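Trainee: If you want the building blocks of each chain, they are given just below.
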Amino acid sequence: MIEIKISLVKNVLEANERIAAQNRQFFADKGVMAINMMSAPGAGKTTLIEDTIRSLKNELNIAVIEGDIQSTYDAEAISATGAQVVQINTGGACHLDANMINETLSQFDLNLVDLLIIENVGNLVCPAEFNLGEYCKVMLLSISEGDDKPLKYPVMFHEASVLLINKIDLLPYVDCSIEKIRQESLKINPDLTIFEISCKTRQGLNDWHDWLKALLLK
Amino acid sequence: MHELSIAQSIIEIVTQDMPKHNLTKVDTITLRIGEITQVMPDALLFGFECLSKDTSLDGTKLIIETVPVKGHCKTCGQDFVFEDWPYGCPECGQADIQIISGRELEIVEFEGS
Ligand SMILES: Nc1nc2c(ncn2[C@@H]2O[C@H](COP(=O)(O)OP(=O)(O)OP(=O)(O)O)[C@@H](O)[C@H]2O)c(=O)[nH]1
Ligand SMILES: [Mg+2]
Ligand SMILES: [Zn+2]
Numbered sequence: 001m002i003e004i005k006i007s008l009v010k011n012v013l014e015a016n017e018r019i020a021a022q023n024r025q026f027f028a029d030k031g032v033m034a035i036n037m038m039s040a041p042g043a044g045k046t047t048l049i050e051d052t053i054r055s056l057k058n059e060l061n062i063a064v065i066e067g068d069i070q071s072t073y074d075a076e077a078i079s080a081t082g083a084q085v086v087q088i089n090t091g092g093a094c095h096l097d098a099n100m101i102n103e104t105l106s107q108f109d110l111n112l113v114d115l116l117i118i119e120n121v122g123n124l125v126c127p128a129e130f131n132l133g134e135y136c137k138v139m140l141l142s143i144s145e146g147d148d149k150p151l152k153y154p155v156m157f158h159e160a161s162v163l164l165i166n167k168i169d170l171l172p173y174v175d176c177s178i179e180k181i182r183q184e185s186l187k188i189n190p191d192l193t194i195f196e197i198s199c200k201t202r203q204g205l206n207d208w209h210d211w212l213k214a215l216l217l218k
Numbered sequence: 001m002h003e004l005s006i007a008q009s010i011i012e013i014v015t016q017d018m019p020k021h022n023l024t025k026v027d028t029i030t031l032r033i034g035e036i037t038q039v040m041p042d043a044l045l046f047g048f049e050c051l052s053k054d055t056s057l058d059g060t061k062l063i064i065e066t067v068p069v070k071g072h073c074k075t076c077g078q079d080f081v082f083e084d085w086p087y088g089c090p091e092c093g094q095a096d097i098q099i100i101s102g103r104e105l106e107i108v109e110f111e112g113s
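Chains G and H are the protein sequences, given in the same order. First residue of the first sequence: 1, per the numbering used here; consecutive thereafter. First residue of the second sequence: 1, per the numbering used here; consecutive thereafter.
Warning: the hint list may mix true and false statements.
As a list, the in silico PhoX-like pairs of lysine-lysine whose alpha-carbon atoms are at most 20 Å apart [stated by the list, open to error]:
{"id": "1", "chain 1": "H", "residue 1": "61", "chain 2": "G", "residue 2": "10"}
{"id": "2", "chain 1": "H", "residue 1": "20", "chain 2": "G", "residue 2": "5"}
{"id": "3", "chain 1": "G", "residue 1": "5", "chain 2": "H", "residue 2": "61"}
{"id": "4", "chain 1": "H", "residue 1": "70", "chain 2": "G", "residue 2": "5"}
{"id": "5", "chain 1": "G", "residue 1": "200", "chain 2": "G", "residue 2": "57"}
{"id": "6", "chain 1": "G", "residue 1": "180", "chain 2": "G", "residue 2": "152"}
{"id": "7", "chain 1": "G", "residue 1": "30", "chain 2": "G", "residue 2": "5"}
{"id": "8", "chain 1": "G", "residue 1": "30", "chain 2": "G", "residue 2": "218"}
{"id": "9", "chain 1": "G", "residue 1": "213", "chain 2": "G", "residue 2": "30"}
{"id": "10", "chain 1": "H", "residue 1": "74", "chain 2": "G", "residue 2": "10"}
{"id": "11", "chain 1": "G", "residue 1": "180", "chain 2": "G", "residue 2": "57"}
{"id": "12", "chain 1": "H", "residue 1": "70", "chain 2": "H", "residue 2": "25"}
{"id": "13", "chain 1": "H", "residue 1": "25", "chain 2": "H", "residue 2": "74"}
Here are the computed distance ranges between Cβ atoms for each label pair [stated by the list, open to error]:
{"id": "14", "chain 1": "G", "residue 1": "170", "chain 2": "H", "residue 2": "27", "range": "17 to 25 Å"}
{"id": "15", "chain 1": "G", "residue 1": "71", "chain 2": "H", "residue 2": "20", "range": "39 to 47 Å"}
{"id": "16", "chain 1": "G", "residue 1": "172", "chain 2": "H", "residue 2": "59", "range": "57 to 65 Å"}
{"id": "17", "chain 1": "H", "residue 1": "27", "chain 2": "G", "residue 2": "209", "range": "52 to 60 Å"}
{"id": "18", "chain 1": "H", "residue 1": "108", "chain 2": "G", "residue 2": "209", "range": "43 to 51 Å"}
{"id": "19", "chain 1": "G", "residue 1": "200", "chain 2": "H", "residue 2": "83", "range": "37 to 45 Å"}
{"id": "20", "chain 1": "G", "residue 1": "30", "chain 2": "H", "residue 2": "64", "range": "37 to 45 Å"}
{"id": "21", "chain 1": "G", "residue 1": "204", "chain 2": "H", "residue 2": "27", "range": "24 to 32 Å"}
{"id": "22", "chain 1": "H", "residue 1": "91", "chain 2": "G", "residue 2": "30", "range": "43 to 51 Å"}
{"id": "23", "chain 1": "H", "residue 1": "20", "chain 2": "G", "residue 2": "209", "range": "23 to 31 Å"}
{"id": "24", "chain 1": "H", "residue 1": "84", "chain 2": "G", "residue 2": "14", "range": "57 to 65 Å"}
{"id": "25", "chain 1": "G", "residue 1": "107", "chain 2": "H", "residue 2": "20", "range": "35 to 43 Å"}
Simulated from the structure, these hints should not be mistaken for lab results. None of these values were measured; they are calculated from a predicted model. For each residue, glycine too, the CB sits at the ideal point set by N, CA and C.
Next comes chain H alone, as it looks inside the complex (with noise of 0.2 Å):
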């Protein structure tokens, strides 16, 4: 449920940021999210779509870039793509993970004229 602050979020900071590039509208937005941030991407591309409606982001589109999990493992030393966090290092199955990305939640570039 909380993907509609979210999307109430990327509506705000994009539509503060247009005017500094004289932007009236914006065909897309490229979001990168973590793989263990807990968002649906369902559910933030219909909240954005019913919470755009009324302002200048009428029609523009979600781009959602999935990052997977990164850690390093601090028993064995060495750093992993998790394909299944969080049961332990893939190498060592130790469980003292230090996670790297995955837990993403960023605007990284949005597109417009």
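For reference, chain G alone in the conformation it holds in the complex (with noise of 0.2 Å):
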């Protein structure tokens, strides 16, 4: 047998990335801004979008993909709001990849929704390698977390538009530097728009809110 070489060059994630592009049209026709949410376990991410939810109820129409590995329980407590919610549980998997997304698009009614925010599965690492179809990312991370983030884990940093920086009512109770993360962060993305928020006494949302909203005039 003769032995053969065939050359390739492809991209080994390339059927994530059309059917990322299908999303992506699905979203456009429908005139919905899709946000890919992403953070570690536990910084915020579900407390931040109910609040969202709640606050521009009278003004924004927004509907939630929820990923987790498994349980509902992010998608009851958007449910609560009254938005349009799916639960995705990825069964293992650490992130959410396009296909998901587009297995989800039927349950919605996308017509009246502005604003399709996509929680990812929460980890640093892996949800910033697969594109969703979204038309930007929004990473938070908590200052409990640790002022050493950027520098670690730098891709998903480098792959953000938006860095929310959560909790900062717990600046008295830890040791963090909001300048250090603010600075390393830009380092790795000189573009990145940074906002210092906290959910629990509220502080910086409305920065938050203006974004969204002009995002959304886009």
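Work from the hints to combine the two standalone chains into their complex.
Mentor: See the structure below:
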């Protein structure tokens, strides 16, 4: 038998990219802005989404996709706000992929929806590698995780358009320099928009709301 | 953990391509992986070995070539290889860098009979 060599040069994730492009087209056709929200477990994604839905109730129609390895806790919390929500259980997978999003789209009535927030699986690494068809990536870092995280997990900071530094109400209790987080994140990604927020005291949330409203005018 | 999904994609891409070249057996698949693509080579090799067992790629070896991080500094206008991304430009220290390579995750070629 002759040994043959095939040159291929193909992106391993091209199937994911293809479906992400379909999702992106679908969102554009429906006039929905989709954002992919990422963070380590427990940084406050669900809390922020609930608060955002309630705060902007009279201005924006928000729908949510909840990604978790298992359980429906987060979807139940969102459902209590009255917003449309679909839970994806990845059954072990550490990230959402474009196909998982694609399969949920038929379960929404997106005609009246302005903003679709996709809460990714809590993980600072893997979600950054998979595009879902979102307009942009938003990440949270809670200050109790430590100010060394940008340089330890730089890829997610590089991919995100927005960084929400959450739980700033805990500043008196943790050794964390917000200035260091800011400086090192901007070193990785000079275009990053940064907000300092607390979902508990609601400090800084107005700026986040203004950013979202401006995004929807695009 | 996402190395398993990546291994699965590699298997799908190559097994779909094999019939076009009348290949029944693949000895090696060469991959090009950027230094800041978050893939652990050992986890990928192990995932591939497990998932390929029941496919025509049982016994196929993965060869991984690492692509260094290259960037263009928008401040001083030069291109560099970054030994320690993301610590700014090695020449002027500024942070405004456009990444040119280092995020690859590609199949480059495969060999078989
Ligand atoms: N003190 C304080 N606690 C907060 C704040 N935001 C969220 N929390 C708490 O942090 C915990 C985790 O919040 P979640 O919203 O569940 O975090 P998550 O990122 O959705 O977590 P996963 O979905 O498991 O990845 C909850 O007990 C929240 O009440 C904040 O700004 N300050
Ligand atoms: Mg959550
Ligand atoms: Zn420079």
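Trainee: All hints, please: hold or fail.
Mentor: These are the hints, each one checked on the structure:
| no. | hint | in the structure |
| --- | --- | --- |
| 1 | H/61 to G/10 | 18 Å, holds |
| 2 | H/20 to G/5 | 13 Å, holds |
| 3 | G/5 to H/61 | 14 Å, holds |
| 4 | H/70 to G/5 | 28 Å, violated |
| 5 | G/200 to G/57 | 19 Å, holds |
| 6 | G/180 to G/152 | 13 Å, holds |
| 7 | G/30 to G/5 | 45 Å, violated |
| 8 | G/30 to G/218 | 14 Å, holds |
| 9 | G/213 to G/30 | 18 Å, holds |
| 10 | H/74 to G/10 | 29 Å, violated |
| 11 | G/180 to G/57 | 35 Å, violated |
| 12 | H/70 to H/25 | 36 Å, violated |
| 13 | H/25 to H/74 | 47 Å, violated |
| 14 | G/170 to H/27: 17 to 25 Å | 55 Å, violated |
| 15 | G/71 to H/20: 39 to 47 Å | 44 Å, holds |
| 16 | G/172 to H/59: 57 to 65 Å | 59 Å, holds |
| 17 | H/27 to G/209: 52 to 60 Å | 57 Å, holds |
| 18 | H/108 to G/209: 43 to 51 Å | 47 Å, holds |
| 19 | G/200 to H/83: 37 to 45 Å | 41 Å, holds |
| 20 | G/30 to H/64: 37 to 45 Å | 41 Å, holds |
| 21 | G/204 to H/27: 24 to 32 Å | 57 Å, violated |
| 22 | H/91 to G/30: 43 to 51 Å | 47 Å, holds |
| 23 | H/20 to G/209: 23 to 31 Å | 53 Å, violated |
| 24 | H/84 to G/14: 57 to 65 Å | 30 Å, violated |
| 25 | G/107 to H/20: 35 to 43 Å | 37 Å, holds |
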